[in-house]
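A.B. asks: Chain by chain, the residues:
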Amino acid sequence: MPHHAIQQSAPVPSVTDTQKASLLLRRSGARVSVEVGVPDRRVRVLSTRQRNVPKPHNGLGLLDTGASHTCIDEGIATALNLQVVNRTTMRTAAGQASTSVFAVTLSFPGTSLPPMPSVFALGANLGNQGLAALIGRDFLAGKILHYDGALSIVTLSW
Amino acid sequence: MKEVDTSPLETELAYFEENRAELLARYLGKFVLVKGTKLVGTFDSAEAAYDAGVSAFGLESFLIREVELVETVASIPGLYAGVLAAER
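Protein chains in written order, with my numbering: chain A, 1 to 158; chain B, 159 to 246.
No lab work stands behind these hints: they were computed from the structure. Keep in mind it's a predicted model, so treat the numbers as computed, not measured. Cβ atoms here follow ideal geometry from the backbone N, Cα and C, with glycine treated the same way. Treat each hint with caution, since some may be false.
[What the hints assert, rightly or not] In silico negatives: residues of chain A with every beta carbon more than 10 Å from chain B:
(1) Asp64
(2) Gln83
(3) Asn86
(4) Thr92
(5) Ala93
(6) Pro109
(7) Asp148
(8) Ile153
[To be verified] Below 30 Å or equal to it, Euclidean Cα-Cα: the simulated DSS-like pairs (lysine-lysine) are:
(9) A/Lys20 x A/Lys143
(10) B/Lys193 x A/Lys55
(11) A/Lys143 x B/Lys188
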């Protein structure tokens, strides 16, 4: 496997900073910058028809090994006028619910993570948790995620 | 959980359900592209189906669905009332 890696961590020059990094990782989980956008295929159609192409939304994504599928915030999906291409059932801690599946593109600014140019992401109410996306196991497939709680470092290799 | 408008794909989803047995018999494991009450094509990946759908229908709605014996249920256990960012 080619080795590329990103790390989410804070420099640790002092005990105070170490404690802060530890607390941040413990409370917020492994977060990464994420850009949610309209798939290129749809952008081309919008451009051809001289329609407005929504600007990508930048926010935070949470690497969630508990999530089988990648999810995006429904508010962002609405703002980007993303296309619903399917409906599916989502099981959460609150029970089961039907949700929309959106065609979307995801990239990860400031990291070397490979973009996901054509993703089918589930709509979820994430905005109230400060998240634009939950990055699920469909993205993590074929990658190595190492969570080092002792050093407050998360490493993703692929 | 926020309600989402299901109306854009109502016809396509109904078609899929009504024809599920035949689709299973012929296209198990494939991704189908459905527009209205018409099966437009079958594909090896959802991405290929999406490309074909945008090529054929532009900005109009269309359904992409995998033909599965048992439908996948997405499991997102952390997604409930803020537990993704729980503090103590």
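A.B. asks: For a C-alpha distance cap of 30 Å, please report whether A/Lys20 and A/Lys143 respect it.
C.D. replies: With Cα atoms ~28 Å apart, A/Lys20 and A/Lys143 stay inside 30 Å; holds.
A.B. asks: Between the alpha carbons of B/Lys193 and A/Lys55, is the straight-line distance 30 Å or under?
C.D. replies: Within the cut-off at roughly 28 Å; holds.
A.B. asks: For A/Lys143 and B/Lys188, compute the direct alpha-carbon distance and say whether it is at most 30 Å.
C.D. replies: Given that 30 Å is the threshold and the Cα spacing comes to 25 Å, the pair holds.
A.B. asks: Just double-check A/Ala93 for me: nearest Cβ-Cβ distance to chain B has to come out over 10 Å.
C.D. replies: violated, 4 Å
A.B. asks: When you look at the beta carbon of A/Thr92, is every beta carbon of chain B farther off than 10 Å?
C.D. replies: Not fine: 4 Å to the nearest Cβ puts A/Thr92 too close to chain B.
A.B. asks: Just double-check A/Pro109 for me: nearest Cβ-Cβ distance to chain B has to come out over 10 Å.
C.D. replies: holds, 21 Å
A.B. asks: Per the stated criterion, does the least C-beta distance between A/Gln83 and chain B lie above 10 Å, as a non-interface residue requires?
C.D. replies: violated, 7 Å
A.B. asks: Minimum Cβ separation between A/Asn86 and chain B greater than 10 Å?
C.D. replies: At roughly 5 Å from the nearest Cβ of chain B, A/Asn86 sits no farther out than 10 Å, so the non-interface label is violated.
A.B. asks: According to the definition I'm using, a residue is off the interface if its beta carbon is farther than 10 Å from all beta carbons of the partner; does A/Asp64 meet that for chain B?
C.D. replies: Check fails; 6 Å does not lie beyond 10 Å.
A.B. asks: Quick one: work out the minimum CB distance from A/Asp148 to chain B and report holds if it exceeds 10 Å, violated otherwise.
C.D. replies: holds, 20 Å
A.B. asks: Per the stated criterion, does the least C-beta distance between A/Ile153 and chain B lie above 10 Å, as a non-interface residue requires?
C.D. replies: holds, 20 Å
Figure legend: structure checked against the earlier numbered hints; hints not met, in rising order: 1, 2, 3, 4, 5.
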